[in-house]
Amino acid sequence: MANWTDNIVEKVNTAADAIKNIGDINEVDVATAPREVVWEDGKVKLFHFTREDKPKAKTPVIISYALVNRWAMMDLQPDRSFIRKLISEGIDVYVIDWGYPTRTDRYKSMEDYILGDLDHCVDYVRQAHGIDKVNLLGVCQGGTFSLIYSALNPDKVKNLITLVTPVEFADNDGLLFKWSRDMDVDTMVESFGGLIPGDFLNFGFDLLKPMNKMRKYYGFNDVAKSKDKLMNFLRMEKWVSDSPAQAGETYRKFIKDLYQNNKLAQGTFELGGQVVDLKKISMPVLTIYAKDDHIVPPDSTRPINDLIGSKDKELMEFPGGHIGVFVGSRSQKMLTPAVAQWLVDRDK
Amino acid sequence: MNWMDFNKTGDFWKAWQDSAKGFAGQSQPATDPLKEWWSQQEKFWKDAMEKTTGMLGNQPDLARQWQDMQGNFMKQWMEMAQSAMSKQSSMGTGSTDMWKQFAQQTETWYADAFKHKLPEQLRPHFQTYMDMYKMFTTQWENIQGMIQNGLVEPRMIWQMVSPTQYADAVGKIMGFKPMKDLDEVTRQANRFFEQLRGAALKMFPAAEEQALEMNEAFTNWSNQQTDQFFPFMNSIKEVMKQNLEPYFHVSGDDTQAEVLRSLKEMQFSYLAYLHHSSKLQKMVLDAGAQVLPAMMQEARDSYNKDHELPSFDTFFTDYMNRLENAIVETMHTEEYTATQNQVLASGAKSKMIYDEMLENIFKDWPFMTKREADDLAKETTQLRRRVRDLEARMAKVTTPMNGAPKKATIKEETRTVPVKVSAPASAEEVISRIGKAPKGVADDLKEIKGIGAKLENLLHEMGISTFKQVAKMDDTVYAMIDELIPAFKGRAHRDKWAVQARKLLKAKTLV
Chain A
1 MANWTDNIVE
11 KVNTAADAIK
21 NIGDINEVDV
31 ATAPREVVWE
41 DGKVKLFHFT
51 REDKPKAKTP
61 VIISYALVNR
71 WAMMDLQPDR
81 SFIRKLISEG
91 IDVYVIDWGY
101 PTRTDRYKSM
111 EDYILGDLDH
121 CVDYVRQAHG
131 IDKVNLLGVC
141 QGGTFSLIYS
151 ALNPDKVKNL
161 ITLVTPVEFA
171 DNDGLLFKWS
181 RDMDVDTMVE
191 SFGGLIPGDF
201 LNFGFDLLKP
211 MNKMRKYYGF
221 NDVAKSKDKL
231 MNFLRMEKWV
241 SDSPAQAGET
251 YRKFIKDLYQ
261 NNKLAQGTFE
271 LGGQVVDLKK
281 ISMPVLTIYA
291 KDDHIVPPDS
301 TRPINDLIGS
311 KDKELMEFPG
321 GHIGVFVGSR
331 SQKMLTPAVA
341 QWLVDRDK
Chain B
1 MNWMDFNKTG
11 DFWKAWQDSA
21 KGFAGQSQPA
31 TDPLKEWWSQ
41 QEKFWKDAME
51 KTTGMLGNQP
61 DLARQWQDMQ
71 GNFMKQWMEM
81 AQSAMSKQSS
91 MGTGSTDMWK
101 QFAQQTETWY
111 ADAFKHKLPE
121 QLRPHFQTYM
131 DMYKMFTTQW
141 ENIQGMIQNG
151 LVEPRMIWQM
161 VSPTQYADAV
171 GKIMGFKPMK
181 DLDEVTRQAN
191 RFFEQLRGAA
201 LKMFPAAEEQ
211 ALEMNEAFTN
221 WSNQQTDQFF
231 PFMNSIKEVM
241 KQNLEPYFHV
251 SGDDTQAEVL
261 RSLKEMQFSY
271 LAYLHHSSKL
281 QKMVLDAGAQ
291 VLPAMMQEAR
301 DSYNKDHELP
311 SFDTFFTDYM
321 NRLENAIVET
331 MHTEEYTATQ
341 NQVLASGAKS
351 KMIYDEMLEN
361 IFKDWPFMTK
371 READDLAKET
381 TQLRRRVRDL
391 EARMAKVTTP
401 MNGAPKKATI
411 KEETRTVPVK
421 VSAPASAEEV
431 ISRIGKAPKG
441 VADDLKEIKG
451 IGAKLENLLH
461 EMGISTFKQV
471 AKMDDTVYAM
481 IDELIPAFKG
491 RAHRDKWAVQ
501 ARKLLKAKTL
511 V
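So the sequence lines, in the order shown, correspond to chains A and B.
Using my numbering, read the first sequence as starting at 1 and increasing by one per residue.
Using my numbering, read the second sequence as starting at 1 and increasing by one per residue.
Mixed in with the good hints, there may be bad ones.
[To be verified] In silico BS3-like pairs for lysine-lysine, Cα to Cα no more than 30 Å straight-line:
| # | chain 1 | residue 1 | chain 2 | residue 2 |
| --- | --- | --- | --- | --- |
| 1 | B | K508 | B | K436 |
| 2 | A | K43 | B | K378 |
| 3 | A | K263 | A | K291 |
| 4 | B | K378 | A | K256 |
| 5 | A | K216 | B | K180 |
| 6 | B | K172 | A | K216 |
[Claimed, not checked] Covered stretches of chain B (chain A as the covering partner; in silico rule of three or more C-beta atoms under 8 Å from a C-beta of chain A):
| # | stretch |
| --- | --- |
| 7 | 114 to 122 |
| 8 | 173 to 179 |
| 9 | 322 to 336 |
| 10 | 346 to 354 |
| 11 | 375 to 386 |
[Said to hold, decoys possible] Some chain A residues close to chain B (C-beta under 7 Å, calculated; not the full set):
| # | residue |
| --- | --- |
| 12 | M183 |
| 13 | T187 |
| 14 | S241 |
None of these hints come from the bench; they were simulated from the model.
Glycine included, every Cβ here is placed at the ideal spot set by N, Cα and C.
Could you put together the complete structure from these sequences and hints?
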């Protein structure tokens, strides 16, 4: 008897709390760290995060996020924000917002992103701070972009950090890699009218662990009865569903040259008429990979360390998955401070 | 005020919990106030959730109603508790069921509210989760019974757990379009395409005929009208007719033949899509179907040892994990990858043919088609690229050999769009833009506000002497004038010379 009463009392209490919390939440806010637009071209923006004190490191860092999903992941909730933590650790932070491509952008290529937008952002920061070189922090696909950029412009990059960044596309068992190898990408790009919808990309990521998109709802009662937990859960949901489409030409080249032909690792990748030689990367490089990453497995990330020409280079393993890198408590306690320290140490 | 003041109700639930605990172990049928309260609760929650899903915060009336109800119940509960205690007895099994039911229902109600807080695209996933959870809770008694009695062979299990229910659940997880019977779906698809072709065969000539008939009927009718309006309107109609010409030729023979051919092609690629999809679905469903029997066999083995059944939560989460593993394992096979790529390619091809067909039908219509928009996008991108190349070349010319360019240049380039003077400013250049004044013709430029005698003289020296010339000035010319006559810099722009001159010209012609 005592058991069922307790049980039911708990259930009814949970229900009462949950309904109150659900009713109270009207707006789910993400990416709340104060910032301003300092540069803008078409749909692409460069944000500078405002800070009150002087940064410890003189050289600011530019974050180049993936074109898939949004950089809001790096500032998802105020108390576990990668960006806020970097700022509080004394780093001056910029982030590139790639925007939401539409059909007008279907011919926008990797060349336009890397030699255009990314280069313009780097130039802006160099000029605004009166410095020759900036720090680059690339995330996932944005990390691959940063590697390519740094190989072509080693004189503009002081230090490079890649987070969960794929570079070796052939030698690994990741499902995305396997599936992409024989995909008829030309037909896909054409049939989507040159713009790969975010939903399609998400569908692919979801399939890698088909239960994930539902398993997270297990125990939603416990989530809903705590207002903080509920808010953070909804923030993640908001991020997951906020997925920009990808410009067809960029997607085509990324799949063909990288996923299918592994050109970057083999030293045959070309951009804007130049062959990209990763050995030209000579600045200090920090490569961070997630041990349980099922989207970008460690096998595709770790080889960065062997492919680059830098003498000062470091591999850092993060115990967790692709997303845990940004929002986990370990990310706050260990990873972000380590990243900041690494940058401060190399700021001379 | 928020609709629920929970400081009050929180206390209330705590009091309720304490007193409920006091009754544990005693037995007496549920008393009326409790039943009454429950039916009120049930009705209220249901109404409240239906009315306010997703926006509970905006219902102050409901909030008050809820508060009142809590207060009333508290009173009733206390009376009942007192009376029950005095009789040394408590709630019976009837009320246990009632509470259980209530708890379950509240969960469903707020699950719905929760769902509406999720982003729209994710709601179906939550629904799938709830469906699966429900499927398991409703089957749980059966599953337990089968484990206890050793009925764990697959054919027994699929008698109790509906294979359709299973296929639906996995289908939703994997985003499958339901396809239970490939033969039947193929028949339906063929029928559909035959109907489409039939319609296209009839529709095209009919559409043309109709359009021409309508046009003729209208012309006849309007010719018979005596209102003065009609001849006027007919002349407009003639112009419109020329513009609308393409509409009447949508049904040209070529278009019809192309549409019919597209439909045939689409039919085949669509059949291929169905065929590959069906194969893919079968692979996944077969792989997942092994999981439940395996788990039940294991549960049976362990029941034989210790006579204990697994808990619902363990069994349910275990099932989700193992189902996923089984599916992922299949997805790692070459066959799955090949089939999935065929599904994607045939689906994409069907859509491409469909797009082409629409393009053909609408190619002469007076709006931009996909192909034209693509051309535009291509040109835009190429232009951006050329601008970038030019900027890079310019930077090479202007950047000092060592060191970064100065801070100021960037601000100018990116934040504002300065008026670029393309050619060096000279009087000749100005005149080439605004035209020469005819010999001996001069307006009184001093009529333009901001131009005094001195400035007029300077302008005359440059060859500017008429309103007509000033009226043609634009920002570029203003910038040149600023450069040539620095003493009056910014004045032309400030006083909008061109606008003033246009007005003066107009006034002159009216005189």
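Against the structure, the hints come out as follows:
1. B/K508 to B/K436: 19 Å, holds
2. A/K43 to B/K378: Status holds; Cα separation ~16 Å.
3. A/K263 to A/K291: 25 Å, holds
4. B/K378 to A/K256: 20 Å, holds
5. A/K216 to B/K180: 29 Å, holds
6. B/K172 to A/K216: 16 Å, holds
7. 114 to 122: With 7 residues in contact (Cβ-Cβ under 8 Å with chain A), the coverage given for the stretch 114 to 122 of chain B holds.
8. 173 to 179: holds (count 3)
9. 322 to 336: Satisfied; 6 residues make the cut.
10. 346 to 354: holds (count 5)
11. 375 to 386: The restraint on the stretch 375 to 386 of chain B holds, since 8 of its residues have a Cβ under 8 Å from chain A and three suffice.
12. M183: 6 Å, holds
13. T187: It holds, given that the least Cβ distance between A/T187 and chain B is near 5 Å, below 7 Å.
14. S241: 4 Å, holds
In summary, this structure violates none of the numbered hints.
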